[in-house]
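Undergrad: Residues per chain are reported as follows:
2 protein chains.
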Amino acid sequence: METARETFRSFGFAPIDTPTLEHLDVLTGKGSEETDRQLYSFTDNGGRPVGMRFDLTVPLARFAAQHIGTLGTPFKRYHIAPVWRGENPQAGRYREFYQCDFDTIGTESVLADIEAVTVIDSLLKAIGIDAFTISINNRVILSGLLESLGLADKTTAILRSLDKLGKIGLEKTAAEMVSAANITADQANQVLRLAELKSETESAGASGIFDRLPEIVNHNATAVAGIDRLREIYEGAIASGVSPDRLNIDVSIARGLDYYTGVIFETTLDELPSIGSICSGGRYDNLAGLYTKQHLPGIGASLGLDRLLAALETLDKLSTTNKPCPVMILYFDADHRDDYLKLATNLRRGGIGTEVYPEPKKLGQQLKYADASGFKYAIVAGGNEWQRGVVQVKNLAEKSSDEVAYRHDSADALITRLLA
Amino acid sequence: METARETFRSFGFAPIDTPTLEHLDVLTGKGSEETDRQLYSFTDNGGRPVGMRFDLTVPLARFAAQHIGTLGTPFKRYHIAPVWRGENPQAGRYREFYQCDFDTIGTESVLADIEAVTVIDSLLKAIGIDAFTISINNRVILSGLLESLGLADKTTAILRSLDKLGKIGLEKTAAEMVSAANITADQANQVLRLAELKSETESAGASGIFDRLPEIVNHNATAVAGIDRLREIYEGAIASGVSPDRLNIDVSIARGLDYYTGVIFETTLDELPSIGSICSGGRYDNLAGLYTKQHLPGIGASLGLDRLLAALETLDKLSTTNKPCPVMILYFDADHRDDYLKLATNLRRGGIGTEVYPEPKKLGQQLKYADASGFKYAIVAGGNEWQRGVVQVKNLAEKSSDEVAYRHDSADALITRLLA
Chain A
0 METARETFRS
10 FGFAPIDTPT
20 LEHLDVLTGK
30 GSEETDRQLY
40 SFTDNGGRPV
50 GMRFDLTVPL
60 ARFAAQHIGT
70 LGTPFKRYHI
80 APVWRGENPQ
90 AGRYREFYQC
100 DFDTIGTESV
110 LADIEAVTVI
120 DSLLKAIGID
130 AFTISINNRV
140 ILSGLLESLG
150 LADKTTAILR
160 SLDKLGKIGL
170 EKTAAEMVSA
180 ANITADQANQ
190 VLRLAELKSE
200 TESAGASGIF
210 DRLPEIVNHN
220 ATAVAGIDRL
230 REIYEGAIAS
240 GVSPDRLNID
250 VSIARGLDYY
260 TGVIFETTLD
270 ELPSIGSICS
280 GGRYDNLAGL
290 YTKQHLPGIG
300 ASLGLDRLLA
310 ALETLDKLST
320 TNKPCPVMIL
330 YFDADHRDDY
340 LKLATNLRRG
350 GIGTEVYPEP
360 KKLGQQLKYA
370 DASGFKYAIV
380 AGGNEWQRGV
390 VQVKNLAEKS
400 SDEVAYRHDS
410 ADALITRLLA
Chain B
0 METARETFRS
10 FGFAPIDTPT
20 LEHLDVLTGK
30 GSEETDRQLY
40 SFTDNGGRPV
50 GMRFDLTVPL
60 ARFAAQHIGT
70 LGTPFKRYHI
80 APVWRGENPQ
90 AGRYREFYQC
100 DFDTIGTESV
110 LADIEAVTVI
120 DSLLKAIGID
130 AFTISINNRV
140 ILSGLLESLG
150 LADKTTAILR
160 SLDKLGKIGL
170 EKTAAEMVSA
180 ANITADQANQ
190 VLRLAELKSE
200 TESAGASGIF
210 DRLPEIVNHN
220 ATAVAGIDRL
230 REIYEGAIAS
240 GVSPDRLNID
250 VSIARGLDYY
260 TGVIFETTLD
270 ELPSIGSICS
280 GGRYDNLAGL
290 YTKQHLPGIG
300 ASLGLDRLLA
310 ALETLDKLST
320 TNKPCPVMIL
330 YFDADHRDDY
340 LKLATNLRRG
350 GIGTEVYPEP
360 KKLGQQLKYA
370 DASGFKYAIV
380 AGGNEWQRGV
390 VQVKNLAEKS
400 SDEVAYRHDS
410 ADALITRLLA
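Just so you know, the sequences run in chain order A and B.
Residue numbering for the first sequence follows numbering that gives the first Met the number 0, beginning at 0 and increasing consecutively.
Residue numbering for the second sequence follows numbering that gives the first Met the number 0, beginning at 0 and increasing consecutively.
Think of the hints as simulated: they come from the structure by calculation, not from any bench.
Quick caveat, the model's predicted, so the values are computed rather than measured.
Any given hint could be a false lead.
Because identical chains cannot be distinguished in the list, a pair is counted as satisfied if it fits within a single copy or across any two copies.
Below, a list of computed lysine-lysine pairs in the DSBU-like style, where the Cα atoms sit at most 35 Å apart [claimed, not checked]: (1) Lys360 <-> Lys292; (2) Lys375 <-> Lys292; (3) Lys375 <-> Lys124; (4) Lys292 <-> Lys367; (5) Lys171 <-> Lys322; (6) Lys124 <-> Lys360; (7) Lys361 <-> Lys292; (8) Lys153 <-> Lys124; (9) Lys322 <-> Lys124; (10) Lys163 <-> Lys316; (11) Lys361 <-> Lys341.
Required output: the full structure, derived from the provided sequences and hints.
TA: Structure below.
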């Protein structure tokens with residue numbers, strides 16, 4: 000979270016927070032049938048129907064619609080907070096989970112789309128992940144294709160079927176499209192040519208895809224504009240320093256949520272693609288329109304922290320954290336309790352985090368706790384040491400110990416020793 | 000929040016998080032009649048009665064009871080997160096509000112009590128507040144007094160009346176005690192001698208209170224032990240560096256929550272006492288006993304972030320935040336979009352947070368945004384500058400501007416200039 004905050008800030012995103020509970024009608028019908036079904040909702044003590052947010056984007060759109068007059072545009076914010084979906088928990092999928100979102104509200108500029116790719120790339124690298132792939136698509140391409148096939152009114156149903164492609168494969172997706180969207184097998188196959196494009200053009204890479212696409216979308220003007228924009232995003236991201244190896248143009252990805260209107264992103268870990276996308280998002284130019292008459296285009300993405308943690312755990316890349324402070328003072332001699340407390344205060348004032356063991360238990364037990372907790376140093380001082388104006392500093396990893404001068408009014412030598 | 004995290008860590012507290020929703024029976028009957036009534040509860044999609052946490056202490060006790068075997072003791076954690084109470088919102092009091100808690104689980108040692116006072120003191124000073132008072136009491140003193148009056152079974156009702164003392168005054172509290180706890184006026188007055196003690200002994204300060212107390216509690220052994228412990232906490236806090244001016248022994252404070260069993264704290268801002276306690280807590284040695292057979296004593300306190308913010312706003316001490324990054328690049332020349340993006344990436348790699356204005360709007364409009372957002376520098380470069388290998392750096396506060404050498408492959412001069 001700390002790393003995400005730093006990355007977001009370095010791009011000019013500021014933190015905001017919105018309430019957990021929204022009026023129910025703010026949340027329903029915004030995500031998908033699935034998010035509606037999974038919503039935690041109830042009637043509050045004042046008789047108002049309310050729901051717990053299922054993502055951070057819908058509340059952001061509501062918030063922006065309400066406050067954009069004072070906020071001004073472009074409004075760039077990040078938001079790291081839990082969201083709730085009543086689904087069946089599985090590895091990396093929980094009913095309460097953290098999202099880590101950044102969004103830019105108030106501009107349709109392709110620069111914001113490019114920046115979103117750059118933020119995802121910077122964020123994952125800052126977290127320490129090297130092998131990942133950002134898949135990019137533009138929903139406008141599919142819309143144009145459907146327009147050319149006379150299927151514009153069936154977009155939602157077709158998108159939902161298409162979203163299952165990665166899980167159930169081409170054939171089943173085609174069958175589902177035919178039955179769910181009530182289209183012909185031939186129409187379904189035309190749509191699915193978008194998915195086949197990838198393997199066809201693999202050797203030619205992204206530029207091969209961009210060259211072949213206009214024909215596949217029947218040269219529909221909407222789709223062609225979408226292809227041009229996707230190419231601009233791809234090239235802009237590379238100009239911004241994103242490695243082309245990490246970018247994947249995939250015109251078949253759909254994203255489950257209904258509110259996306261333009262570019263969409265998914266990010267997978269190359270070593271564990273099966274866990275699904277760990278950072279997803281896209282452009283949603285009409286979402287705030289549900290709450291305001293002002294046109295408030297938006298673009299952003301969300302890092303799924305819990306899924307990422309589950310993945311890093313599986314890959315054995317999750318470092319266990321140590322105690323948040325380096326020094327523990329042993330409570331050795333009950334008569335010197337106030338001395339231990341003063342010593343701790345002096346070390347903290349010197350910038351060294353310090354814990355005092357709370358009870359004068361046996362030294363062995365205290366040292367066992369110090370070892371297990373991952374402190375770097377343990378400080379031991381009994382009556383003899385206090386009298387002589389010294390303390391014992393034990394380096395717990397190196398199992399070494401030395402005596403350092405210390406009095407309450409001259410703590411510098413000890414502080415220097417501990418900072419070394 | 001950042002400051003709180005740093006302070007907590009410097010005492011050895013590690014962060015944890017618990018779920019927002021708990022099984023309803025974990026939450027009910029733990030706080031007070033009021034928290035029960037204010038609870039947000041409902042039946043989830045799986046038919047389970049659940050509730051949203053009303054504080055962070057009850058979930059901590061449940062969590063510790065469940066996991067203490069693997070956690071070990073002392074278990075020191077902090078937790079910064081929202082809680083929910085369906086009450087009537089007012090200044091600094093919201094239905095959703097942030098608590099900022101630290102707790103030590105697994106020790107009855109007075110050292111942990113002393114440390115809690117020290118943490119509160121350090122935290123407020125680190126936030127930049129100078130004039131505050133930490134009021135300290137030990138509930139055992141009242142328990143002993145009630146024992147000596149034969150009123151031990153009426154403790155909860157008497158505590159709840161006593162908790163209103165600050166709001167409704169002595170006389171009304173006495174009347175309420177008589178009716179709510181069904182005790183005699185004489186008994187109520189004996190209890191309320193605890194509150195009168197303060198003004199009686201004002202000139203003698205804390206030691207005057209400690210000297211007078213044994214007589215007021217009828218030399219009851221339980222109460223006297225409680226007085227001794229309170230004195231130890233008071234003296235230990237001073238030894239730890241807390242100024243005696245900031246400590247207030249007040250044996251009449253009760254705290255609304257039922258679960259406290261020992262020392263209790265309240266913290267008020269000297270310049271705005273009317274907003275109430277901004278940091279409260281105490282010892283709760285039996286709370287986890289509701290969820291486990293193991294004895295798990297606990298002590299901690301909670302900073303009420305929203306109330307503190309409301310107070311700082313009232314006192315005009317809340318600094319407005321600026322943009323989280325210092326540099327904005329103007330999108331001056333549409334032909335050079337990729338150059339602006341590259342420049343931003345280079346500055347970020349040099350450790351300088353940089354935002355690119357997303358659209359090639361009029362310079363005046365972009366500069367207005369830069370000013371309003373509080374950026375420190377704006378960078379302007381058109382075709383001419385790019386050709387000459389320079390950019391214009393505008394210092395927005397000083398309204399000055401100078402030309403600095405920059406090419407994508409040699410960004411050092413510009414980075415040095417911006418870090419100066």
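Undergrad: Hints the structure violates: just list their numbers, smallest first.
TA: Per hint list: 5 and 8 violated.
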